[in-house]
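Peer 1: The chain contents come next:
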Amino acid sequence: MIVKTIKVDQLARVEGEGALKVVARDGVVQSAELNIFEPPRFFEAFLRDRMYSEAPDITARICGICPVAYQMSAIHAMENALGVVVDGPLRDLRRLLYCGEWIESHTLHIYMLHAPDFLGYAGAIEMARDHADIVRRGLDLKKAGNAIIALLGGREIHPINVRVGGFYRAPRRRELQPLAEELKRARDGALATVRWTAGFDFPDVERDYEFVALRGDGEYPLNQGRIVSSRGLDIAAAEYDEHFEESHVEHSTALHAHIKARGAYLTGPLARYALNAASLSPIAREAAREAGLGSVCANPFRSIIVRAVEVLYACDEALRIIDQYEEPDRPAVDLEPRAGVGFAATEAPRGMLYHRYQLHADGKIADARIVPPTSQNQPSIEEDLKIFATAWLNLPDDALRHRCEQTIRNHDPCISCATHFLRLDVDRGR
Amino acid sequence: MARIRPRLAVWKFASCDGCQLSLLDCEDELLEIAGEVEIAQFLEATSASVEGPYDLSLVEGSVTTAHDAARIQEVRKQSRFLITIGACATAGGIQALRNFADVREYAAIVYARPDYIETLATSTAISDHVKVDFELRGCPISTRQLVETISAFLAGRKPQTPPHSVCVECKIAGNLCVMVGHGTPCLGPVTHAGCGALCPSYNRGCYGCYGPMETPNTPSLSVWLSRLGMDEDALRRVYRTFNANADAFREESERHDR
Ligand code: SF4
Ligand code: SF4
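If you're matching them up, the sequences are chains A and B in order. Reminder that position 155 of the first sequence reads as 161 in my numbering, one-by-one numbering, no gaps. Reminder that position 221 of the second sequence reads as 516 in my numbering, one-by-one numbering, no gaps.
Since the hints were made in silico from the structure, they are not lab data. Treat the hints loosely; a few may be bogus.
As the list claims (entries may be wrong) - Derived coverage of chain A by chain B (criterion: at least 3 residues anywhere in the stretch with Cβ under 8 Å from a Cβ of chain B; other residues may be distant): (1) 55-66; (2) 156-162; (3) 303-317.
Claimed, not checked - A partial selection of chain A residues facing chain B, derived with a Cβ cut-off under 10 Å: (4) F49; (5) E50; (6) R97; (7) D98; (8) E110; (9) K148; (10) K149; (11) N167; (12) R169; (13) F173; (14) L261; (15) A405; (16) H408; (17) E411.
Positions of the beta carbon are idealized from the N, C-alpha and C atoms, including for glycine.
Same shape as in the complex, but just chain A (with noise of 0.2 Å):
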């Protein structure tokens, strides 16, 4: 066996250059080990002796995909920690850009990494010479996804106006119309992308996961929720550390996050749909009733249609908290450093995405710790590759390698970004 050193940040979005190591034994799948190479960011490390207010500016930065689920979860890992909660016009206003980064992520996902796929085309630039009016409808719904986080964050990567405790700048209700035709728009193309995605030939496969994601009071999660499972676990974020483990598997540096008591879990789209369908706002609803979605999804490929619904669900709920909205007195709640912990899980685009910090009492951060989706969902990206891979071994290397990018991009886009230079290595015995 090959041998490789591989050098993974578990903090950082985990992407550059991708590994496949299959081995099959007598036809079948023995082992998928997925190493992904990313040079080490030290996020962790140089948070210690920052101020709690500067972790959301600087946790933006560990992706530019999804900079809002980082910021929120820094900002309620803090808030937390200093013992204040935000609540009224405020928290509306952090759904609403939640929103926002939901419909410009998933719309990223599904229209340029992961249709392609399905269509036979090597990106969106391609199929745009075939299909020009279906890409420029994902753009056009990717650009009001920019649009909410733009307004409300100030530019649409690395928002420079969320704070812990509020915001710098709360918009005036008349600044939020131009947005709520923008987003009528977007609903239509929403609606147009889930008939769309069910109409893709999809392999008729099925897996039996754990289901990861945070279960709001009767409301579709975003920023707050317990975590819960469908093995049954229910759980503050601030249990987290007691129920999950990071670990070091053999193949790879890269910590793989198991559920301690059982192992592997999914988190995303099809656990949030999974543990949530019934908090969806009635349209997401009918459109997931007529793509055939069933009330728990289980073909990790399909998670492409349970994509577009979220996007259909973010649209109707940023224009509901548009309609609502009520400007607050002030931008942000006044804080008080002291000493304490603090802790947050949000759902990220493509999972949940868990921090901890631990404050010293002049609010300096004395520890932090990050937990991203990826590494959350690796351990099950690696099984369903074993699974699936199987079926596929007779494929040629080319045809198999592209299988499995796809398997991988059923799950995350940042290791999609990976796997379009998957470096396949097959023992397949003989």
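Position chain B with the ligands relative to chain A; hints supplied.
Peer 2: Relative to the frame of chain A, chain B with the ligands by itself:
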């Protein structure tokens, strides 16, 4: 016959992907750009890949591994023009905070098996390794400036990216100065323009994400910032974020080292 279009390549080093995402965020111009250039390498957007040489390479991210230090040499050899995009590529990015610390200690904080981690002790800008034809600043870069820069290179002219400070953009935007008006500390006077004075427009002080402007007077600004209540520690931190290794910010932060 199809006309020969210039070949564009996008490369990633240590980064968050935000700057290359800025290209995909040009929703209105993306298909137009794709019509004008041949996108020959752009992993975030397409699995198609065309071999070099390339007319224009956009490089995101900083150099933090020996492998990447070698790879940037290859990219340079393959590229007629090489433009860096963003604070990572032009100044080492947030990951350059390791340059002020012991990288082994950092590795031990983050990893259970730090001995597995292969990384350089520093995070450096692309121009520390190869000749760079143009540097586009920002963390992230502005999509408007990116479109301008690509257009300029296609047209064979110099990109219009003004070298003045964020303060000038504030005046253009008609903002009340947050330092004078509200006593809010702001790096605007020493920060390169490009964002359109975003933070002050949202009642916030600039935190310097576009890096130092040409010939900034950082020592003088620090005097003003300390009058607004920032202690030595805060002064050190304020210059040490996304452009920590840019000369002017690094030197000023070191003046406030304990
Ligand atoms: S400069 Fe900022 S936005 Fe650009 S890649 Fe680096 S961290 Fe991301
Ligand atoms: S930190 Fe400064 S340069 Fe960056 S967006 Fe804010 S005002 Fe602009």
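Peer 1: Are A/D98 and chain B close enough, Cβ to Cβ, to be under 10 Å, as the hint says?
Peer 2: A/D98 check fails; min Cβ-Cβ to chain B is 18 Å, beyond 10 Å.
Peer 1: Given a cut of 10 Å on the nearest C-beta pair, is the interface hint for A/F173 held or broken against chain B?
Peer 2: holds (8 Å)
Peer 1: Was the hint right that A/K148 lines chain B, CB cutoff 10 Å?
Peer 2: holds (6 Å)
Peer 1: For the restraint on A/A405, tell me whether the closest CB of chain B is nearer than 10 Å.
Peer 2: Violated. Min distance 14 Å.
Peer 1: Holds or violated: is there a CB of chain B closer than 10 Å to the CB of A/R97?
Peer 2: violated (19 Å)
Peer 1: Mind checking the CB of A/E411 against every CB in chain B and telling me if the closest is under 10 Å?
Peer 2: holds (8 Å)
Peer 1: When the nearest CB of chain B is found for A/F49, is that gap smaller than 10 Å?
Peer 2: holds (8 Å)
Peer 1: Does A/N167 pass the interface hint, meaning its C-beta sits closer than 10 Å to a C-beta of chain B?
Peer 2: With Cβ-Cβ at 5 Å, under 10 Å, it holds.
Peer 1: Does A/E110 pass the interface check with chain B, least Cβ-Cβ distance below 10 Å?
Peer 2: Nearest chain B Cβ about 8 Å off; hint holds.
Peer 1: Establish whether the coverage given for the segment 55-66 of chain A by chain B is satisfied; the threshold is a Cβ-Cβ distance below 8 Å, and no fewer than three residues must meet it.
Peer 2: Holds: 5 residues of the segment 55-66 of chain A have a Cβ under 8 Å from chain B.
Peer 1: Using C-beta distances, would you say chain B covers the segment 303-317 of chain A, given that this needs three or more residues below 8 Å?
Peer 2: violated (count 0)
Peer 1: Given A/E50 was flagged as interface, is its beta-carbon under 10 Å from a beta-carbon of chain B?
Peer 2: OK, holds: A/E50 within 10 Å of chain B, min 5 Å.
In terms of the numbered hints stated before, the structure departs from hints 3, 6, 7 and 15, listed from lowest to highest.
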